[in-house]
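Order-wise, the sequence lines are chains E and L. Take 1 as the starting number for the first sequence in my numbering and just add one per residue. Take 1 as the starting number for the second sequence in my numbering and just add one per residue.
Among the hints, a few may not be true.
Simulated DEER-style distance windows between Cβ atoms [said to hold, decoys possible]:
(1) His77/E to Lys103/L: 25 to 33 Å
(2) Lys52/L to Gly16/E: 49 to 57 Å
(3) Asn62/E to Pro7/L: 21 to 29 Å
(4) Gln45/L to Ala72/E: 14 to 22 Å
(5) Thr13/E to Gln45/L: 23 to 31 Å
(6) Leu115/E to Gly102/L: 26 to 34 Å
(7) Leu27/E to Lys103/L: 26 to 34 Å
(8) Gly84/E to Gln45/L: 24 to 32 Å
(9) Lys41/E to Glu14/L: 20 to 28 Å
(10) Leu51/L to Phe42/E: 25 to 33 Å
(11) Gly29/L to Leu54/E: 29 to 37 Å
(12) Gln45/L to Pro69/E: 24 to 32 Å
(13) Lys40/E to Gln45/L: 14 to 22 Å
(14) His77/L to Gly16/E: 48 to 56 Å
The set of hints was computed from the structure by calculation and includes no laboratory data. Here the structure is a predicted model, which means the values were calculated and not measured. By construction, the Cβ of each residue, glycine as well, lies at the ideal position given by its N, Cα and C atoms.
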Amino acid sequence: DTAVSQTPKYLVTQMGNDKSIKCEQNLGHDTMYWYKQDSKKFLKIMFSYNNKELIINETVPNRFSPKSPDKAHLNLHINSLELGDSAVYFCASSQLAGSGYNEQFFGPGTRLTVL
Amino acid sequence: DAKTTQPPSMDCAEGRAANLPCNHSTISGNEYVYWYRQIHSQGPQYIIHGLKNNETNEMASLIITEDRKSSTLILPHATLRDTAVYYCIVRVRGSNYKLTFGKGTLLTVNP
Chain E
1 DTAVSQTPKY
11 LVTQMGNDKS
21 IKCEQNLGHD
31 TMYWYKQDSK
41 KFLKIMFSYN
51 NKELIINETV
61 PNRFSPKSPD
71 KAHLNLHINS
81 LELGDSAVYF
91 CASSQLAGSG
101 YNEQFFGPGT
111 RLTVL
Chain L
1 DAKTTQPPSM
11 DCAEGRAANL
21 PCNHSTISGN
31 EYVYWYRQIH
41 SQGPQYIIHG
51 LKNNETNEMA
61 SLIITEDRKS
71 STLILPHATL
81 RDTAVYYCIV
91 RVRGSNYKLT
101 FGKGTLLTVN
111 P
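The shape of chain L in the complex, shown without the other chains (with noise of 0.2 Å):
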């Protein structure tokens, strides 16, 4: 699985949009991009996943550029219970069933 890279930490003000980047330079053709989050004392969440088009949900976006080396994770709308940890995470869809988990990012919704 490819290696993702994600600042340690973000702020972001209640209401308004979180933009949470990842860089994924070594991602292969047939791997995914997945987004998890960790609320404190919780189990990871699943939030979205991608390949290569933008996905939408209803919790978060995602946009992942057109070479595929990057994508960011967007709350439009975050709130206090949006804290949490936020993880990237590439593998190939389907395999090896494992989740990889890097460092993520603490993102902190401040009132």
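Here chain E stands alone, though its shape is the one from the complex (with noise of 0.2 Å):
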């Protein structure tokens, strides 16, 4: 069984679109993320979500939303993409930080390349 899933694996597109990416996990953990890996391969965060509660928000662009219908789920929605965002994005999911073991666990990633 699949922990963290991300659907679309690979996403080529074109500047200027709109495009989600979407995120699942069956861990029934509280908290879940996005971070971005770009070609320099540094992983960083981006969004973090508790119990559907926007907690982290990194200074990220308001082309990028993250939407978070339950649990279980965390969608990240991109407006307008830019030739910059290409990148690799990761979906995590954790348990509620405080409870003491807080282990991530990534899914397989969503390339994104915009034209």
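Mind docking these for me? Both chains are given alone in their own frames, and the hints should help you get the complex.
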């Protein structure tokens, strides 16, 4: 069984388009994240949601809008895509921080290419 | 979260122990040391974490110096599948939710 899944795995699109990436976890975790890994391989946090509430927003352009319909899902919608948005986007989940053991489980990533 | 310093790359022969160092000289008393790795084209994977005692699990061992300013991740019998970028991260357990990744160490296990 896949713990953290993302769709699609690859996404190729034109500049200016709007696209969404979906993430689902079946681990029963309370907290979900979006990370971005750019072409230089730096992995950076973008957002974090805890029980459907936004708790981290790391200076991400407002063209990026995360949505958490329930605890098990955290989707990422990107408006007006730019060349610089090309990257691999990773979703992750963990148990509620503060409960102690908050290892993060990562999805397989979505490679977004903006042409 | 405290800053960490890792060598950019290391090589290891298959079947031998891989010892990956991490310097975290500014670590605070309530900060843990976490290790994750990222195999090419995959999401990061948790390996192990510790506070001040040495830790061991089915994947690796973590040795933390007595002054906690550095640590070593040990893969006892490296295999080709252990080739990956290994990240040492220091953070307060349960705090701030996010992981701050540095550049990590690219470990290449050679046949």
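For each hint, the structure was consulted:
1. His77/E to Lys103/L: 25 to 33 Å: The hint (25 to 33 Å, Cβ to Cβ) holds, given that histidine 77/E and lysine 103/L are roughly 30 Å apart.
2. Lys52/L to Gly16/E: 49 to 57 Å: holds, 52 Å
3. Asn62/E to Pro7/L: 21 to 29 Å: violated, 38 Å
4. Gln45/L to Ala72/E: 14 to 22 Å: Once the Cβ atoms are compared, 21 Å apart, the range 14 to 22 Å for alanine 72/E and glutamine 45/L holds.
5. Thr13/E to Gln45/L: 23 to 31 Å: Hint holds: Cβ distance 29 Å, inside 23 to 31 Å.
6. Leu115/E to Gly102/L: 26 to 34 Å: holds, 31 Å
7. Leu27/E to Lys103/L: 26 to 34 Å: Cβ of leucine 27/E to Cβ of lysine 103/L: about 29 Å, so the range 26 to 34 Å holds.
8. Gly84/E to Gln45/L: 24 to 32 Å: Hint holds: Cβ distance 27 Å, inside 24 to 32 Å.
9. Lys41/E to Glu14/L: 20 to 28 Å: With Cβ atoms ~24 Å apart, the hint holds.
10. Leu51/L to Phe42/E: 25 to 33 Å: holds, 27 Å
11. Gly29/L to Leu54/E: 29 to 37 Å: holds, 30 Å
12. Gln45/L to Pro69/E: 24 to 32 Å: holds, 27 Å
13. Lys40/E to Gln45/L: 14 to 22 Å: The hinted range 14 to 22 Å holds for lysine 40/E and glutamine 45/L, with Cβ atoms some 21 Å apart.
14. His77/L to Gly16/E: 48 to 56 Å: Taking Cβ atoms as reference, histidine 77/L and glycine 16/E lie about 51 Å apart, which means the hint holds.
When each numbered hint is compared with the structure, a violation occurs for hint 3 only.
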